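Colleague: Next come the chains, spelled out residue by residue.
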Amino acid sequence: MTMQKTLLFFALLIGIGAHAQSDKYMATMQKNITLLDSAKTIDQLQSMAGTFDRIGDAEKTQWLPYYYAAFAQTLIGWNPDTKDKDANAQKINAYLAKAEAIEKNAETYSVENMSATQQMLVDPQSRYMTNGKDAAEALQKGLAIDPNNPRLYYLQGMSLFNTPPQFGGGKDKAKPVFEKSVALFKAAQPKPLYPTWGQKQAEAQLALCQ
Amino acid sequence: MIRSIISASLILLFHSLTAQTLVSGSVKDGKGHPLRGASLALKGSYDGATTDSLGSFHFQTTEKGDFTLVVSSIGYNPIEQIINLAGTPISFHLVLKEQLSELKAVTITAGSFSAGDSKRGAVLSSLDIATTAGSNADITAALKTLPGAQQIGEQEGLFVRGGAGYEAKQYIDGTLVNNPYYSSVPDIAQRGRFSPFLFKGTVFSTGGYSALYGEALSSVVLLESIDLPEKSEIDATISPIVVGLGTQQLAKDKNSSWGFSYNYVNPVVYFAAVKQVPDYFSMPQYHNADANFRIRTKGGGMIKYYTTFAYNNLGLRRQDWDSLNMNDAFALTNHNWYNNLSWREYLNNGWKMDLGASYSTNLDNIGQQVENLQNQPQIFSDSTFWMNYKNFGVNQRQDLTQVRAVFDKKLGALSAIRFGSEYWYACNYQQYHTVEYNIDTLYKFHDNFNSLFAESDIYLTNELAAKVGVRYEHSTVINKSDLAPRLSLAYRTGPAAQVSLAYGIFYQKPENSQLFYTTNVGFTKATHYIINYQKMTKDRIFRVEAYYKKYDDLIKTVPVNYFFSTYNNTGSGYAKGLEFFWRDKKSIKDFDYWISYSYLDTKRNYLNYTSQLMPSFAATHTASIVMKRFFTKIKCGVNLTYSFATGRPYYNFILDSVNKYNLAENGKTRDFNSLNFSAEYVPSVGNTKAKTFVVWFASVSNVLGYNAVYGYNFSYSGLYRQAITPPANRFYFIGCFLSWGVDRSQDAINNNL
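Protein sequences, first through last, are from chains A and B. If you use our numbering, the first sequence corresponds to residues 8 to 217, in order. If you use our numbering, the second sequence corresponds to residues -18 to 734, in order.
In isolation and in its complexed conformation, chain B is listed as follows (with noise of 0.2 Å):
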């Protein structure tokens, strides 16, 4: 009996070890593409295949009984069949479904360039923002090469598709920067005041853009500020204009840095070698410090705060356009003092928290007189009374207050939703006064600013998504609210292709110089349609970008009388357009360019113009070439850019006895050309060991020396007009950038050697 037992055990056992299943089949993606590489695996046992090209697999297995099949490929989401191994062959034909994955996704891309190192679908990265040619390390300049902004040099701000300076916003980690340039000096255009350095992402909205963010008729500038350095160093530069140094210390366990930074500018070496049109009776002189700590949380989170203090005077003297025999001297000293405070959390369950505050202050004081070649002031009759108005003094101060939360829900894999607040506690102040008629006028206003808002991001799959949100807005000083609806929609058409729609309503509130006289006025509305196909290719990028836009409740002058003005909310406009952006870093080895072109077509009825005209801003035709070639063995990269704008309107309006202003002249500028030259030497690019790192830095604006002109300024006749040029043709500009590091990444290796 026993032995009969074991004789049918050895049996089974035999049976068990020889007799194989053969499992076969083909596993294939959703769209009935087959799937290469995917794994099969019978749960608890070796035995298992690797699908080939066809998406076909087979293994022969000896397990017996009910298994589970365990069917994968990255990418895609697994799924588990069991099966009965009973030494029958078996076969199958699954489908495996696509994840929603980040790296796969579509992404909105209409209205938008993003700028970054991180970034995922990044037009330019930080360093292309420092080296393109005419930039000199300028984000603002940069931004220009890009399609949608205009080439405006005779006051900042970048001016994007029909929209005025003002009408757009730029915001650091969330909150809104109340002075991004430094303070206006008539007729120049002023840089920024953040280093294109200090910032890992920027993204670059030419319309269109999130609810997360408001107050900006035509675009918002998205800076992301760097979380921790790489590495603690020194750094210093050194240039005939401008002298600095700073460190940035990383702690040991890399979770914390803390830094500061100074420097110093005058020109006055310079402007001794270089002629400047301008009479300096006052050197400009700029001293800038800027300090910081971060600190990574345990939980992965980010808190970063980053404060700069800038102090800044200049005065120059123009020939005055009323009288030859005059000048302007005008004078301005800046205090400026900017903090962010910001604190990124992770938390349990997808949620992620980001806390923002932020405080400003801006002070100006502004002096104008009129003066006689001798320079000594010059006081008139009332018979030229328009010329007493040049002699005035101003004395200005913004302070803004601002906090926020957002907080950021996942759901399911890239779906997310996100909603927040913001508060915004304005103080504005001007106080105005004229010797001559003894006003001394101080103008303020409070504002306690209020938005809400919520956001979703919805994948319907990887290749359709889209971005619902809506915005409240609350202002105190003109007691007015706000609701403003924003979707997009991105659609992928082909691998690397896709298509996106966007619209939104956005309001801005009028200039501080306007609520000043009046705040019985609304807010300004600006309504965006978009649509955008970009092909993005690791080394090639092509966008053709469609938009209109609809300008309604824009700011009107009301004149009360040649000095005195007020205002409504009776202008309107609009702008469409048509703009090209092909960056190509692969057809040519070593050798890196785009290609920005726009079109424009806008009219608008606001402030003093008569009529619905084209803002003196404005070009019809506006394109950018940029290239970029770094020569290795040389160590030098060569940088040029070449920006072309057709000639912009200029208007002069001319205020009648009936306080009603009325067209008196009117054409266009010439075109505007200006080829940039810009050259970098690296001696110790790539040499990992080195303890000094230097670059040296050389750049020429307006190479070829081409005679712009920005438009006119009109004498009170009108018979007279003087144009706006540049305080020079050309811009030269030589600096060493050194910086001291401690990069550890080799030594262990080179120790062992």
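Chain A with its partners taken away, still in its complex shape (with noise of 0.2 Å):
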């Protein structure tokens, strides 16, 4: 072997190290994305919360791994063991201001309205005018960025579904937000990586304003 040799099988090794890193990266986002869909107990999603901030803090300059660990903890938030909604909340917000330092967009504001929302279900009446108000907000301004995001309608949808008529709420007028949303999600092609869930529940959500 020849010294030319030698040099070329370093390059290569350089060339597939540094590919090797991004391949890593598709990777494992890919391997928990999938292990995230089917977490469930709390001690579960928190771990996934927990990788999916190593893999943020470790690469710097995606949005993703911040916004899953945020979507993670939104559906620790989710589960009614969780107590403390307030301190989980501050978890979101903490994953969420990583992510919204490198992009806001669509998808964050989605979990931003989520982690506003939760909170404001802890005492709706009191906190109506200001978790409440910051949940519509997100979504405003979500939907700025990107009218056609089906997760924001799917999250509007539920807002109105869990608002009593009396109160401008309702099925009849979640109906048509659902559907909305469902139609984006049969047309939506998301990006690799990219966040899909939302269309089960909303087609879910859609069978009960029938």
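Worth flagging that the hints you see were computed from the coordinates, not collected in a lab. Please read all numbers here as calculations on a predicted model, not as lab measurements. A virtual CB, placed ideally from N, CA and C, is assigned to each residue, including glycine. There's no promise every hint is true.
Said to hold, decoys possible - Residues of chain B placed beyond 10 Å of chain A at every Cβ, according to the derived structure:
1. 219
2. 231
3. 248
4. 254
5. 360
6. 375
7. 410
8. 429
9. 447
10. 460
11. 499
12. 550
13. 621
14. 701
15. 706
16. 715
As the list claims (entries may be wrong) - With beta-carbon atoms standing in for the labels, derived distance ranges:
17. B:178 / A:131: 18 to 28 Å
18. A:131 / B:408: 45 to 55 Å
19. B:439 / A:94: 17 to 27 Å
20. A:137 / B:474: 24 to 34 Å
21. A:137 / B:652: 35 to 45 Å
22. B:41 / A:137: 39 to 49 Å
23. A:172 / B:673: 12 to 22 Å
24. A:131 / B:71: 39 to 49 Å
25. B:374 / A:137: 45 to 55 Å
Said to hold, decoys possible - As a list, the in silico SDA-like pairs of lysine to any residue whose alpha-carbon atoms are at most 25 Å apart:
26. B:9 / B:37
27. B:516 / B:557
28. B:24 / A:35
29. A:90 / B:567
30. B:672 / A:139
31. B:279 / A:137
32. A:90 / B:13
33. A:90 / B:569
Both chains are sitting in their own frames, so use the hints and assemble them into the complex.
Modeller: Now the structure itself:
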């Protein structure tokens, strides 16, 4: 083997290494997104949030790992066993702040909406004007960036669905929003690693509106 | 040779890909409890773990060499540790220390009730104040449902823990309000001048308050005005008693706003329908106008200006208590102008600055005339000279200019030091004249009042906090200084439960009406000792508080003759008591109630009292139950308040021939009961798209028609007494509040459908 070949070998090795880095990111994210889909317990979800957070810290320039960390934390927030929703929202917002420092988009706003909604639900009567307003504003900002994001319509539909009719909500108000969400889900072509959750939930909610 | 190097590299490469190090262990908090959800991360790598419910963690890593392991959890100080990864398993047992955090730290609650929407530990919200039955949106009336306050109906003010009404002061954004209530009318309590909707936070201190405030022996009410309104809107009020119109305009960038409002009160229609005991020969009329602007500064600070101008007059005629054939006609005209400018700014390095300035002027023109039953003015001979003193005119004016600066520096996460100074310039005039004796006297005095204060919040842990302060005051009119130390402590005894202690010395200048006659007096003084236990969860609050208060140097009246007195500081007294508060929003769905109970044991020798006596504004037992329920389906809220107080003492002191007061008669009034009802109907509640927001409001006070007796007025001879009663047994109110607002939060979503 000549020196040239050796150099070539090392060059290749370095090239593979660099490529392996982004491959490793893709592969690790893909694996963990699949794991997140099947995570159920609070400990499992907390562990997923931690994993995504570590990937984000190591990558430094990717918003998606932090987004998934925050999203995993919202799944903990929806769990009825989570007693201190405010403390949990603080964790969501800490991850979200890291994601939004890199990029603010419709997906980060959807998490912002869920975080504010979970806090509002602690005491809807007195928090409607604060957390409730933040939740509505997050939707508004998200839609301003991406008016065709199906998840934002799903969340908007959920908010209407859970608001009593006398307060301007109800099934009738929610139905067209869920319909729009489902239609957008069907047409959606998400980029690799981008969030895909919500279609099943939106369809199930639409069925409840019939 | 090269071949072997390559093989070696490859072997190394493969080795590094396959050899893993097992890292495991546990994370606990400072108290040894396992910490769930703590994160462990190898810096610069994906590898790490999250602790489970037992605080345990383990992970495999293929990384080699020295790495920084970062251990973190929200609310705890993160730690970093260098570890060497070489294939051999590593085990750690780590302890994370809790951060001092505002959300978790104990707060000092002794002697203080906090009300507000943003405040942590708030006992009432602004809406609670408006919807407490019987309050009719009067802040003071709502605060009377809390422990420590007396049920006083014959004069305005908060009578707290054996303190007179003038011993409680109100501050707006740090500066004292000189005339917080509409001008006094004898034996009829007046409302406060300020709407509860102007404020985002209210602190009702029943004692032991901060060194930042002074000049109140028993209580301060600290009102914090709202920053920027949530939206632009136009508001209108329509009712048989009051009409009003106002607007708030929020700038598009949401960094500034301005607004003004006007309302007019005239109960002529109401008084025609509901008979009043006094004969109103001049119908009460109130014109109130206010204006404001608010600017958010670049640094996140706020500049706020609020001004209100009020003009009112009334005339009423009541039975004279010396002669059944006579009436006393009383007339009052008041002008009041109040201004408050404040600037809060966040400076560098954790410094915060609060500047405030305030100017108010209050002018009262009061006249009283004894009339016969044909409403003809009467003049009396020297044999009934005391009757002539009921014919008088008083013009009085109080001006107060204040400036105040407070600097606040954060030390560490929560501890802070703050200090500041205030300067008040007060001008007081009183012109008194009686026609019969040709007395026409102008009394006046000016006072330059200065104070310096410093206070420190010391958080030793999240469980233990102290507030230490001292206040220096100097008043030129009495030419006296004082130094008032304040101290309070709070210690958490369990989740959501805590014990607080407070101690302080409080000084107050004598009242204007006394300083007109003599300035050879000193500060009056009270020393407070308070212990409080509180357990507070999201939906329930339980508080119990015990206190002891010592009064020194209270003002005593030194009579010179029937008409003229001077004053000294030889009075004294005490108050001690036990108070309970319970609020529960949870046990019954959609039903919110609170119960207050106060036990008070107090005596004082002051003014014309002949010895240590229970003051006429003190009741031994006072209790309130406030209930609120909102029926979502019919968009209606119903509120009930029941208040009870045992009878209060009354006294008749008669001046004898050697100008000494003697106690001629004393007793106790009957117990006080009042059941108040109010209801609101909010048809557009929750409908964010509604262009018009309407609230219908109705209330009835004293539903059961209980005949309240607040005390007695005695004739000159002492042989006849006249009960002090409310001007009418019940008070009814019905009104409609409209607001047209622009809330665009839903627009973007709807446009995209």
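Colleague: Next, verify each hint and record whether it holds.
Modeller: For each hint, the structure was consulted:
For residue 219 of chain B, the requirement that its beta carbon stay farther than 10 Å from each beta carbon of chain A is met, with the minimum near 24 Å. Against chain A, the non-interface label of residue 231 of chain B holds: every CB pair exceeds 10 Å, the least being about 14 Å. Look at residue 248 of chain B: its CB is around 34 Å from the nearest CB on chain A, clear of 10 Å, so calling it non-interface holds up. At roughly 34 Å, the least C-beta separation between residue 254 of chain B and chain A is larger than 10 Å, which holds for a residue marked as non-interface.
With a minimum CB-CB distance of about 62 Å to chain A, residue 360 of chain B clears the 10 Å threshold, and the non-interface call stands. Here residue 375 of chain B stays apart from chain A, with its beta-carbon at least about 47 Å from theirs, past the 10 Å limit. At the 10 Å boundary, the C-beta of residue 410 of chain B stays outside the reach of chain A, the nearest C-beta of that chain being 46 Å off. At roughly 44 Å from the closest C-beta of chain A, the C-beta of residue 429 of chain B stays outside 10 Å, upholding its exclusion from the interface.
Consistency note on residue 447 of chain B: stated as away from chain A, and its beta-carbon is indeed over 10 Å from all of that chain's, at 26 Å minimum. The beta carbon of residue 460 of chain B sits about 50 Å from the closest Cβ of chain A, which is more than 10 Å, so the claim that it is off the interface holds. Distance to chain A confirms residue 499 of chain B as a non-interface residue, since its nearest Cβ pair spans about 52 Å, more than 10 Å. Against chain A, the non-interface label of residue 550 of chain B holds: every CB pair exceeds 10 Å, the least being about 47 Å.
Residue-level check passed: residue 621 of chain B sits 19 Å from the nearest beta carbon of chain A, beyond 10 Å. Non-interface call for residue 701 of chain B relative to chain A: holds, since the shortest CB-CB distance, roughly 54 Å, exceeds 10 Å. At roughly 39 Å from the closest C-beta of chain A, the C-beta of residue 706 of chain B stays outside 10 Å, upholding its exclusion from the interface. Every CB of chain A lies more than 10 Å from the CB of residue 715 of chain B, the least distance being 23 Å, so the non-interface label holds.
Hint check: residue 178 of chain B to residue 131 of chain A, Cβ distance near 21 Å, so the stated range 18 to 28 Å holds. A hinted range of 45 to 55 Å for the beta carbons of residue 131 of chain A and residue 408 of chain B is consistent with their spacing of about 51 Å. Our hint of 17 to 27 Å for residue 439 of chain B and residue 94 of chain A holds, since their Cβ atoms are close to 25 Å apart. For the hinted restraint 24 to 34 Å between residue 137 of chain A and residue 474 of chain B, the CB-CB distance of approximately 30 Å keeps it satisfied.
Between residue 137 of chain A and residue 652 of chain B the CB atoms are about 43 Å apart, so this pair conforms to the stated range of 35 to 45 Å. With their beta carbons about 44 Å apart, residue 41 of chain B and residue 137 of chain A fall inside the hinted range of 39 to 49 Å. At about 19 Å, the beta-carbon gap between residue 172 of chain A and residue 673 of chain B stays in the expected band of 12 to 22 Å. The hinted range of 39 to 49 Å is satisfied by residue 131 of chain A and residue 71 of chain B, whose Cβ atoms lie roughly 48 Å apart.
For residue 374 of chain B and residue 137 of chain A, the hinted distance range of 45 to 55 Å is satisfied, since their beta carbons lie about 53 Å from each other. About 9 Å separates the Cα atoms of residue 9 of chain B and residue 37 of chain B, which keeps this hinted pair within 25 Å; it holds. The suggested pairing of residue 516 of chain B with residue 557 of chain B holds, with an alpha-carbon distance near 23 Å, which does not exceed 25 Å. Annotation: proposed proximity of residue 24 of chain B to residue 35 of chain A holds, straight-line Cα distance about 17 Å (limit 25 Å).
Proposed proximity of residue 90 of chain A and residue 567 of chain B is supported: the alpha carbons are some 16 Å apart, at most 25 Å. Using a Cα cut-off of 25 Å, the hinted pair residue 672 of chain B and residue 139 of chain A holds, with the two alpha carbons roughly 19 Å apart. Among the hinted pairs, residue 279 of chain B with residue 137 of chain A is consistent with the structure: their alpha-carbon atoms are about 23 Å apart, no more than 25 Å. Restraint check for residue 90 of chain A and residue 13 of chain B: satisfied, since their Cα atoms lie roughly 22 Å apart, inside the 25 Å limit.
At most 25 Å may separate the alpha-carbon atoms for a hinted pair to count; residue 90 of chain A and residue 569 of chain B meet this at roughly 20 Å.
Of the numbered hints given earlier, the model fails none.
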